[in-house]
Amino acid sequence: MIAAFARALHDAGLDVSAAETLDALRAAETLGVEEREIFKQGLRACLAKSASEARIFDECFERFFWPVSQERKDERRPERAASLQRDAASFALQRAASRIGLEGIQLFTQRGLYQRRLVEEAGMAEMERALLQARREGAAEEEGRLEEARQEMTRQARQMVERALLLHSRRRRQETEAAALMAASLSALDGRETAAMTRLASRLAKKLAAKYGRRRKEAQKGRPDMARIIRRNLAFDGQIHDLVWKNKRVSKPDLFLLCDVSGSVAAAARFLLMFLHALSSCVESCRAFAFSSHLGEVSALMEARDFSKTFREILRTHGGGSTDYGQAFGDFFRLAGDKITRRSVIIILGDARSNHGDPGADILREMSRRAARLLWINPEPKSLWGTGDSEMPRLAALCHAAHGCATIAQMERIVDGVLKLRL
Amino acid sequence: MTKPSAPPKQRMELLREALAKKADYVADEKIGAALFLAEALQKPLLVEGPPGAGKTELALAAAKALQKPLIRLQCYEGLDETKALYEWQYGKQLLYTQLLKDKLHDVLKDAPSLNEAMGKLLSLEDLFFSEDFLSPRPLLKALREKEGAVLLLDEIDKADEAFEAFLLEILSDYQISIPELGTFRAARPPLVILTSNETRDLGGALRRRCLHLALGFPDRDRMRRIVQAHLPNIEDRLLESVLSFVEALRQEDLRKSPSIAETVDWARALLLLHAERLDEPLVKKTLTALLKMERDAAAVLPRLETLLSAEKPKKEARGGRAL
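So the protein lines, in turn, are chains B and G.
In terms of the numbering used here, the first sequence opens at residue 1 and continues consecutively.
In terms of the numbering used here, the second sequence opens at residue 1001 and continues consecutively.
Hints are computed from structural coordinates only; laboratory data are not their basis.
Hints are supplied without guarantee of correctness; some may be wrong.
Unchecked claim - Examples of chain B residues toward chain G, derived with CB under 10 angstroms: (1) Asp15; (2) Ser17; (3) Ala139; (4) Ala140; (5) Glu143; (6) Gly144; (7) Leu146; (8) Asp237; (9) His241; (10) Leu335.
Yeah, the Cβ is synthetic: ideal placement off N, Cα and C, and Gly gets one too.
Excised from the complex, chain G in its bound form (with noise of 0.2 angstroms):
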């Protein structure tokens, strides 16, 4: 490995500002060291949290800040190769056959015997299998990016165990074999984020050929800089009490705790109300940009009031958060 010219830690923060001046992705150090690493090692980066940590619009915001095209494979239950790396044009494959019976005639016509014309036609070039009718599906478009990629696979939690063995070579060396032509190398190796909900554990076997990121809902200072990202104009006194009153949300036992997201949105709405304060009607009325699911919001509202006075002193303790 060559020795870095520039000491690690400013290439990190480059990354980290290029994050966020072009994607509006506020990156803390943790999240910043691991895509560094990520991209100098060449290693593929997992990343799981709660939905609505962030973990898609890493990725996302990571192509952006390097400049490279994004190519994302949604993975669902029943997901295979013929979706998500490759699949032969079958359609344009049984013209080639038509095509092929009405040259055949004209190539072999003048072969005397039946073995000349069996030479003759293993003499040509054996054009059924050949790149011309391969479709290339996200996996093999990003190992076939000449420049690299991004290349987030979504959820790869929601696949199949079987899906996840055959990731495997792929994330590892990244070339994959397709039976009729042989292997595929990256012409350079793209950078690949898988995220993960753990709806399920993720065997060993792709775990150890990744780099981990655990992301949790960011801590207030970040909260507070992605909200600021989002909406420059947004007063510090509302922010506060906004910033507050998620963090005593995410401290109920909610089935769904507001994330980032569905935090910014909620901020959004109050701006457009042209709300200065948080009281109870407002909250009322804008909560369902915040909760999602009916029995939360029917757990929470009774609770408003205490929940709205619980962000006066200011509680620093996080230990217990519900995530």
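The shape of chain B in the complex, shown without the other chains (with noise of 0.2 angstroms):
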């Protein structure tokens, strides 16, 4: 019973461990199922790990231990038989669900499939037959009685299949919805999309940090290491001649973010701002610059825990004017110039088309003699540089990559392949 609810709660989104199934089999032992409000507690304490993984809890809970509850409400009805006609009914159904693996439903379209399987193997058939014989012979009061018992099962499969369908349906829904949206443009997104996608970049950037994060040495600077001083020198009678340091190594790049939010390609610099946010312990340090004719940094506002005001809050002071991308790198040059070393990365997100304005390749190509990278990002795809106002090809030359990018899976690529350089 537990095994079950623990699947159906993987199928619901959460990740529950097996060593978590144990937990919450011990602690079902240890509580006790009479009292529901304790055993539910005690089931969430083991299962759910997060407040929001609390009210997915909640919300399958109430659905999976369903039948307890109703059927408590119907001891209360006088009409024993048909309480009993009930009982006997379900009781042939939870059998056969076990049989026929009713948790594997995962789409609507199944329903009318499990239903009928279900109800097969629950031994309507046999029912049916009676149910003939009955007629035939003239029993009515017979013929009653099944008729009834079939319609009270076929009823109960309905409901159970419903059931086992909310439970079981949202994790596959979720990958495939996953799945089109890694694939899905990243300017062409509607609000409910939006939200979805802002989902799948978090989790998408944390599964970057977890991989990059651990790269890290942590270890302060400067300060004497007087366990491995001591161990060094105990050869020399305890006077101390070799000294060691606590040192840091370093090898994660300085990062320099620049991202076009005119209207034209914030999304895309939504969900690039978004990864970094969530990358910020995988790299040495990181600036953010937005602009769109002005150039400002927003390093600042990057550091609020809530990514989405922070990302209005940029709209609003650097979004809205037509991009000017010499006047942009201009000021970037004057912000941060000197902070260009070889182990900076620049990353550009932008669509290079400057208004038909100065693209400031000069200061451009200087960025990229002193940086150790300077990547390109366009989210329009390649076929359309070059193309009106698009200074892409001529801007692109002075890069050491430039890539488009259109996708949120692409957009992983590229922040990968930033966190896997070595300077």
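Both chains come to you apart, so use the hints to assemble them.
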């Protein structure tokens, strides 16, 4: 029972491990199942490990342990016979459900199929044969009873399938949705998709953070490492000859991020900023700049925990102008030009459409010379580079690399590449 | 697992009663169940919630209720195992080597050859890395406590991820490995309570090993009992308006919503001022006990009147509370 519930939670999007399921079993054993509320609290402590998970847990719990509460209510009813019938049908269906693997249901189109299999397995055929027999023999009372039982079973089977669908379909739905979103164009999202994409992007970012966060060596710089000093100097009679210092191994890039946040590319900028927002622990330092015509630093805003608020603020202060790359690069160079070193990685996100103004190629060349890497990410597909007022071919030649980046999957690959750099 | 003698519900009630009596801690059913399970299953309990929701207090109260010593480890960035687990007493070790040098001659005096001298040396006990030179830090101390202890790892989210990983062995097996000495196993597993303010997301591995308790601000009924537990002689009418006002404040978009402790402090201040009911000048004077950020106070001050009057029709809607 608990295992089945854990499976339901898993399908609802919670990551429930085998160990946690065992914990839940022990908790159920310790607490008993008589007190529904205590039972629920206990399971929740074992299985839901954050506030948002607790919400999903509550929902699932009510759905999964629904029959218990329902039967309790039914007991008050005087119609013993009807109640018995209901129990019989329910019992037969429960057993049938586990035999046919009802928890495998994932799409709403499978409802009919599963319902038919369920009643077949629960002995509907025999019941109908008996019903026919009774009808032929003209046993009206028997016929009525059987007919009722048949309807009862159909009704319960339908409910059961509905509940199973609600319980088990969510994860699959999310998985298909995520797969579709991975390939969706960033600039053409509607409101609902943006929300889903935000979730997806933060998940991807977390994965990257886990992958690269581990690599950094945690140690303080410039302090003597007493433990190692003594161990190394044991050979000298406890007199200290060799000093060992706690030092920090630096292998992480300095990141500079220049985001065009004008209307045409704001969507892509949003996700790139979001990625780096979540990845701040994986880089040595990260300074973010936003521009449409004038450029300003937004690093301080990126410190805030709530990203969507941050991004609205960025759009308000820096968005809305007409793009001027020459101006923006000039501003950037003035603000941070002297901070660009051989360990710096500069990422520019923009469509390189400077409204026929100066694209700032000279400054870009200088930036490229000073930095370890200069990457350009363009949300437009490569086939559009160089059309109209796009200066992309000219600017791309000055960068170490230029990528087209229309989907979140591409963006993940690019960020992954940046973090992989050994400088 | 042995079947407990008394029904769990009863044992849980006993625990909650002990919390209330010995530590003035008002625990609702959720808290009671989580703490009871943590004790019964010997699993660490991870408590998450906004600052001031009573997370640390829960651990202190649990220690009092279970009558076990509380061992506390405040986590911070850069905390490592030498501060959390154990440290060699280097000074003593140095002295020991000096001592050894003097004694070495006596011991090895009658060994004719180098080989024999080595043999003799090896036969001596390795005292250098022994428990005598070990100075236990909170974690080791908690494991060595014979009668069990309550181990509080406060604000675990402030520590680095590396430290979190290091905790895993202790949390799942109640044992630690000291490379030079071997593995220490707890005589009696301590009740471990971890608290987190959610300034960063904790790793999945840590979460999996813990029971979880999400502690929000208490509802009105529990809040009432908490204030009453601390200030038994507060009048009902004042108490109700205090609760309403704090609830109204929590609905506001504040940087730091008033916590339990601040509410109790404020109520105490009002009692000291012999206030019978809340009015605007009084609230203005005492608001500093409730709101600790200048910006929050500035945001609330002009709206005091509406906030105070909002309490009259009792609104039970708590859906959009800003946490």
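Now the hints, each set against the structure:
For the restraint placing Asp15(B) at the interface with chain G, the shortest Cβ-Cβ distance is roughly 7 angstroms, inside the 10 angstroms limit, so the hint holds. Using the Cβ-Cβ criterion of 10 angstroms, the hint placing Ser17(B) at the interface with chain G is satisfied: the shortest such distance is roughly 5 angstroms. A distance limit of 10 angstroms between C-beta atoms decides the matter here; for Ala139(B) the minimum to chain G is near 50 angstroms, and the interface restraint is violated. Among the interface hints, the one on Ala140(B) is violated; its C-beta lies about 51 angstroms from the nearest C-beta in chain G, farther than the 10 angstroms criterion.
Hint on Glu143(B) is violated. Least Cβ distance to chain G is approximately 48 angstroms, over the 10 angstroms limit. For the restraint placing Gly144(B) at the interface with chain G, the shortest Cβ-Cβ distance is roughly 45 angstroms, beyond the 10 angstroms limit, so the hint is violated. Nearest Cβ of chain G to the Cβ of Leu146(B): about 43 angstroms, over the 10 angstroms cut. The hint is violated. The interface hint given for Asp237(B) is met, as the beta carbon of that residue sits about 6 angstroms from the closest beta carbon of chain G, less than 10 angstroms.
Given the 10 angstroms rule on beta carbons, the hint for His241(B) is violated: about 14 angstroms separates it from the nearest Cβ of chain G. Interface hint status for Leu335(B): violated, as the beta-carbon distance to the closest one in chain G is roughly 28 angstroms, over 10 angstroms.
In terms of the numbered hints stated before, the structure departs from hints 3, 4, 5, 6, 7, 9, 10, listed from lowest to highest.
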